[in-house]
Amino acid sequence: MSSRRQFIVQGIGAFGGALAVDSIFARAARAASQVTKAGAVANRCLVVVNLQGGNDGLNTIVPHGDPAYYNVRPTINVAQSDVLAIDSSIGMNPKLASLKALYDRQRVAVLQGVHYPNYVLSHFRGTEIWQTAAPESYDTTGWAGRYLDKAGLPADNLFKGVAIGPLLPKMLVADKTDVPAIGDLRGFRFNGRADEQAQADRILMGDGDRYPFDSPYLQLVQEVERDARAASSKLPHLVAGYKPAVAYPKTPFAQGLNLVSAIINSDLGTKVFYVSIGSFDTHAAQRPRQDALLEQFGDGLKAFYDDLAAHNADDRVLTMTFSEFGRRVEENANRGTDHGTAAPMFVVGGGVKGGVYGDHPSLTDLDYGNLKWHTDFRSVYATVLEGWLDVPASMVLGDSFTSLNFI
Amino acid sequence: MIDQPQNDQFRPRGSVDASSALLPYRGPWSPRLAAHLLRRAGFGGSPAEIGAAASAGMNAAVDGLLDPRPDTLPSSPQGDLTYLPMAPPEQRRDAYLRAVSWWLDRMLQTPNPLIERMTYFWHNHFTSGVQGGITPAMMVVQNRLFRANALGNYAYLTHQVARDPAMLLYLNGNQNRSQHPNENFARELMELFSMGVGNYTEQDVRESARAFTGWIVPRDGASSSFVARFHDAGSKTFLGHTGAFAGDDVIDVIMGQPATAQFMARKFLRNFVYDDPEQELVDATAGRFADAKYDVAALLDTLLRSNVFYSDRAYRSIVKSPVDLVVGALRTIGVTTSTPRVIGAMNGMDQVLMRPPNVAGWPGGSQWLNQGTILARLNFLNQLVSFRAASPVTQMQAMPGMAGPLAWIAGVSQTDASAVAARVLDLTVQSDVTDEQRQSIVGFLTTDGVGNPVELNGENIDEKVRGAMSLAMALPAYQLE
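These protein sequences, in sequence, are chains A and B. Residue 273 in this note's numbering is what sits at position 273 of the first sequence, and the numbering runs on without skipping anything. Residue 260 in this note's numbering is what sits at position 260 of the second sequence, and the numbering runs on without skipping anything.
These aren't lab readings, by the way, just hints derived from the structure by calculation.
A short, non-exhaustive set of chain A residues, derived as facing chain B with CB atoms under 7 Å:
| hint | residue |
| --- | --- |
| 1 | ASP178 |
| 2 | PRO180 |
| 3 | GLY192 |
| 4 | ARG210 |
| 5 | TYR217 |
| 6 | LEU220 |
| 7 | VAL224 |
Virtual Cβ for every residue (Gly too), placed ideally from N, Cα, C.
Build the full structure now, drawing on both the sequences and the hints.
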């Protein structure tokens, strides 16, 4: 088995002291970051947004100039007059007005026709493929987890990666890095009364040599338990100095981005965040459901970047979306769409070069009713890894993939 | 180290002696090893079951596990678990919860823990899951197939799985037609269900996929049927054999491959002994399995009595899956019926029964352990033992059969903190603790939240025992089986 992380976390016994030190450290780091040029590699971070459930690309970036679109989508199309036109051929769903405003300020790259070879139509396997970046094998680590393991980041940082949500997504599963998964600050804590908490840390400090048994996993369990205790007890104090500069919408997605902003603006050295929104699995009655989610997505993202801008941090935060698949070109009998293939990705903020990349896939030259992709998603990841996070992509992806030019 | 058998002990740290590894263990027998047996061959023993197995001796305890007793538990969940493709999420969720609750209740109440353990083993081997057109009703059909063949014959079960409705949908067997072969099932049959990669070619995948053509799942999903006109009756060449093969013929060829016994032996060792078995041990186990013509009961008879099974190296060498942790904890404290909250808690630990992450199943080992899942594990255990009907803060529902703190320490002086700590540690981790950890539990029982001394008495004993149980269940040893 892999031995994951080798370092000592300060125990609760030293909690008061640790807290004071952390606060001073955080302030010092914050001060340091203000004199560093915004966007310097060391200060950059990546936010990955999972449009979970399979977002329909055709009603997100709408090919309103193509009559074929209105033929295959007779009841669920976005009317040409409603589209937020990017040009005469494509435009955004009207519920993405907030995103379009960012796009108009050159802050959004739209990457069209992205997917991978030998596509699968399963949510679970599809999600896993995007999160492991391994379409042909069942990998145990995620692509961002491998980045955190190999990027030479400070080993004693508990918050190198942070997942918003109750479960660690596969994307952030690593061999040597324990990434906390945080649903919300109030829920990210160990249960127990004061007298239980007071002993819990001593309980976890057992000396491995003195156990009456040996186990290859003993050390790992202790380390993960200690990390979890340390991270959950410290985080609320570490982010206590942050005040949002905007009112975030009350949606779970926007609230998650609010926590991301709190962590970014508290300078905890976090390099990768994961946030999800969904479910986009619109087999029936697609328009109202997808429209509402796209609105939450765009409005949440706009609040996030407005807040970051107010904290002078928007240039150092790059956001990238993905979804396990796009949806079938032709609508089904229930005013919905079934599982499909290629879809657009959005890359927002940071050093992105705004604009549209790649052609919209043909609506008539199809693969069993599905769009033909032209850009492998691993090329997008490679671009982000090399152009934004400044590491060799092959270190994370195994193979090399052509970099794109959106950063 | 605790007292150890001096003879007949398999010592894997030295050179592996595979022949003695599988010989019957003749060393000392104790409640600690009885608990080890019941964790591996079931979902953990209740204190009474551990006591009985300890008194009975190793051979009698294993005999009892292998000799099924009459099972009067419901053979299916209550109500209709089917639904139509456009069923609302609430209906899907309700059907799912009833199916999984039924299974968890069987794990909690069964007179035959090894059968439920092997049902879970087969679920994580011949994986299928609720998704798309696969309803909980179909997963229950498959679950019953696994239970009926839990200790039966692996080759026979493989034939049955190939025509199981949930499997036909999960791996697209129902779309596998002579005109449009779908290779999904044929590939996974060889890669994950029998031989493992490297023992067949892409040509073998294509040829065997043709052999499996013709099976369909009618709309009701309750059964499958073979439609001759969808079947490719032509000649196929598979692993060097040529004939007008059907799927069953392909499985027969696979069962004749040495790689199949190897692959399955490794899987049994990983699940029952330790998760990185030496090649010599795999070879010896594969030989036993092949000699027994894939009789699962015979293989388990060997493994559960073996030196290697009771070796230091095997002891607590496997990370508990969420189902092991949760069902084991419930059994320890006397709970006999699950609730939806229990299933929700398992989701937080990243295991959704009847919905594995992919066809490879749950990988186990270190994959179960991250900060989120550890938090979910410890918080569930804390809520479980802290539960009081009157408590407004707990999210637990009433747990039928849960014995209270005074039952957990029955027979122990309620004012003797050392004795109470010893009982709690025995109940939870068979005293697999360091001295410091034991002192921490005693310290918890004899101090308040800010370190002032308190005495155990009738006023605080309930709270203190609950807290001590919660702390004992947070011990690293409790996450290992």
